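As you go down the protein sequences, you meet chains A and B in turn.
Quick note: the first sequence uses the numbering used here, first residue 1, plus one each step.
Quick note: the second sequence uses the numbering used here, first residue 1001, plus one each step.
Everything labelled a hint here was simulated from the structure, so no lab data went into it.
Misleading hints may appear alongside valid ones.
[Unchecked claim] Pairs of lysine-lysine, DSS-like flavour, derived with a Cα cap of 27 Å: (1) A:78 - B:1008; (2) B:1041 - B:1074; (3) A:78 - B:1128.
Quantities reported herein were computed from a predicted structural model and do not represent experimental measurements.
Each chain, letter by letter, is given below.
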Amino acid sequence: MEHPQSHQLDATFAALADSTRRAILARLASGEASVAELAEPFSMSQPAISKHLKVLERAGLISRGRDAQRRPRRLDAKPLAEANEWLERYRQFWEANFQRLDTLLAELQSKPAPRRHRPKKN
Amino acid sequence: MKNTGTLKVTTPSDREITLTRVFDAPRKLVYDAFTKPELLKRWFGPRGWSLVVCDIDLKVGGGFRFVMRGPDGKDMGMRGVYRELVPPDRSVHMESFDDFPGEAQVTAVFVEQSGKTTMTATVLYPSKEVRDAVIQSSMEHGAAESYDKLAELLNQTSSQEVA
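Chain A on its own, in the form it takes in the complex (with noise of 0.2 Å):
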């Protein structure tokens, strides 16, 4: 049951499931920053944001770069592109079938009376 990317996901979601945490990688998505320019726009210490970058790092979402004076967190796309694209096609194949539900659903409302409709054997 278990598929190999599934640890990882595990780890990805769980570091998704926090609004500072996705705020941190919306900011790393512009280019790297250090940990006092990542504390800068949020009311929370440096050593609390440190916790939320732990966590992004044991996910695998973020490295750190190779200035060894600013320690500067980088983002690292693979995971979260392996988790958007395991949700995206689940999303896509409901997708499809709720595609098929509008054109039924106009094509009830274009009838005369959308009261009652019958069944209709084909």
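Given chain A, work out where chain B should sit, using these hints.
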């Protein structure tokens, strides 16, 4: 074809999946489309599949049985029991697939605003493993298409504050 909404899929917990979709129709009609066999037969099922069996005993404690037939003639069956029916507001039912272990609880809520209906369906699986297996299986049926850009995902997830 009128395509009013795009489906939103979220995972509120590790046992759940929530589907949210707007339909350009009053909720009575949308509710009927989800609960009446003659309507379900006209839309329900993966692309290229048809609903060849659709028996519904629409009452609390009543059961349903669906069989979908694929383009290669393969059948996929599912069954369930209605737990709560408040037409056209909400419905709760249990469902399970013949080929999958585990029963899921599906809570559907229909909200109408200006003639449009927002359907929110929350599927609660018995375990994370079952949920993942179901998503995995739909991936195999779904068309392989390139995923959205990373920035789009980030915008979506960061604007999606927990209510």
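For this structure, which hints from the list above don't hold up? none
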